[in-house]
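J.: Using the sequences and the accompanying hints, generate a full structural model.
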Amino acid sequence: MFKKLFASALFATSLASVPAFAADTKPTIVLVHGAFADASSWTGVIGKLEADGYRVVAVANPLRSVKGDSAYLKRIVASLDTPVVLVGHSYGGAVISEAATTGEKIKSLVYVSAFAPEVGESALDLSGKFPGSTLSPTLDKPVELENGAKDLYIQQDKFHKQFAADVSEKAAAAMAASQRPVTDVALGEAATNAGWKEIPSWSIFGSADKNIPPEAMKWMAKRANAKDTVEVEGASHVVMVSHPDRVAKVIEEAATAR
20 MFKKLFASAL
30 FATSLASVPA
40 FAADTKPTIV
50 LVHGAFADAS
60 SWTGVIGKLE
70 ADGYRVVAVA
80 NPLRSVKGDS
90 AYLKRIVASL
100 DTPVVLVGHS
110 YGGAVISEAA
120 TTGEKIKSLV
130 YVSAFAPEVG
140 ESALDLSGKF
150 PGSTLSPTLD
160 KPVELENGAK
170 DLYIQQDKFH
180 KQFAADVSEK
190 AAAAMAASQR
200 PVTDVALGEA
210 ATNAGWKEIP
220 SWSIFGSADK
230 NIPPEAMKWM
240 AKRANAKDTV
250 EVEGASHVVM
260 VSHPDRVAKV
270 IEEAATAR
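Counting in the working numbering, the sequence shown runs from 20 upward without gaps.
Worth flagging that the hints you see were computed from the coordinates, not collected in a lab.
Note that the structure is a prediction, hence the values are computed from the model and not measured.
Among the clues, some could well be false.
[Claimed, not checked] In the SDA-like style, the derived pairs of lysine to any residue whose C-alpha atoms are separated by at most 25 Å in a straight line are:
hint	residue 1	residue 2
1	K126	K241
2	K126	E137
3	K160	E137
4	K124	T275
5	K246	D71
6	K180	E250
7	K246	E140
8	K169	P200
9	K246	V75
10	K45	P102
11	K169	K124
12	K177	A190
13	K216	T120
14	K86	G63
15	K216	P232
16	K229	G253
17	K180	S59
18	K67	A90
19	K160	K180
20	K229	P263
21	K93	A227
22	K86	E137
23	K169	D203
24	K189	K246
25	K169	T157
[To be verified] Derived CB-CB ranges, DEER-like:
hint	residue 1	residue 2	range
26	D170	T211	19 to 25 Å
27	K241	S197	32 to 38 Å
28	D247	L164	38 to 44 Å
29	F149	D100	37 to 43 Å
30	Q175	D144	25 to 31 Å
31	D247	D170	34 to 40 Å
32	Q174	V76	28 to 34 Å
We treat Cβ as the ideally placed atom computed from N, Cα and C, and that holds for glycine.
T.: Written out as structure tokens, the structure reads:
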């Protein structure tokens, strides 16, 4: 009798630990910035989403390693009491792919000018898969770290043309000065999970992206069977800064899809 009661209690406890949300529960939108950017790059998108009633969390992505950054993101997701839409920009796409696993609360994935690696692939692999990236010559002298890794920055005088050509010179200068560095280790680290294989995904990117070739992002979206793929004519790598309305629209499509 005791064994039966104990088993029933254990089963009830396990059920209680599984997220259960009402069908009309709005997801929280979790935004993950990429290399050479910070959470403020989502400001325009946040305004659009919040005006439409969404709760938004813009993560301060550490940009240290895919494994470590995704573990940090998973802890943030675990703290939320709603379904979640994960949105990744650039290297942030690799982070959301790594963090996204089925059986949890993640509803959908949105790739914004972002990498969507297969298991075993790195951001460096994918950026070189198609011609067109001009990032490498614009990188500044690396900052040596104590563990042998290197922090990478874009040269400030080359930042506007390379990273954010379709935003104002003044805005690009501020972004260049406040850019967050990414480690060379993170960019070269192979993915161990590809969340897009099991979780529905959406993709939006600019046709004038100079960091990740548009053909690469188109190819990744097709491979992931993206529900929608939007190419914004003339947009740079920071399409969420120059076209926040277009990006917010795609995110809301992902949030409301059944």
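J.: All hints, please: hold or fail.
T.: Do the hints match the structure? See the list:
no.	hint	in the structure
1	K126 with K241	holds, 19 Å
2	K126 with E137	holds, 20 Å
3	K160 with E137	violated, 30 Å
4	K124 with T275	holds, 15 Å
5	K246 with D71	holds, 22 Å
6	K180 with E250	holds, 19 Å
7	K246 with E140	holds, 22 Å
8	K169 with P200	holds, 9 Å
9	K246 with V75	holds, 22 Å
10	K45 with P102	holds, 7 Å
11	K169 with K124	violated, 35 Å
12	K177 with A190	holds, 14 Å
13	K216 with T120	holds, 10 Å
14	K86 with G63	violated, 29 Å
15	K216 with P232	holds, 22 Å
16	K229 with G253	holds, 11 Å
17	K180 with S59	holds, 20 Å
18	K67 with A90	violated, 28 Å
19	K160 with K180	holds, 18 Å
20	K229 with P263	holds, 19 Å
21	K93 with A227	violated, 32 Å
22	K86 with E137	holds, 14 Å
23	K169 with D203	holds, 6 Å
24	K189 with K246	violated, 36 Å
25	K169 with T157	holds, 16 Å
26	D170 with T211: 19 to 25 Å	holds, 23 Å
27	K241 with S197: 32 to 38 Å	holds, 34 Å
28	D247 with L164: 38 to 44 Å	holds, 39 Å
29	F149 with D100: 37 to 43 Å	holds, 41 Å
30	Q175 with D144: 25 to 31 Å	holds, 28 Å
31	D247 with D170: 34 to 40 Å	holds, 35 Å
32	Q174 with V76: 28 to 34 Å	holds, 31 Å
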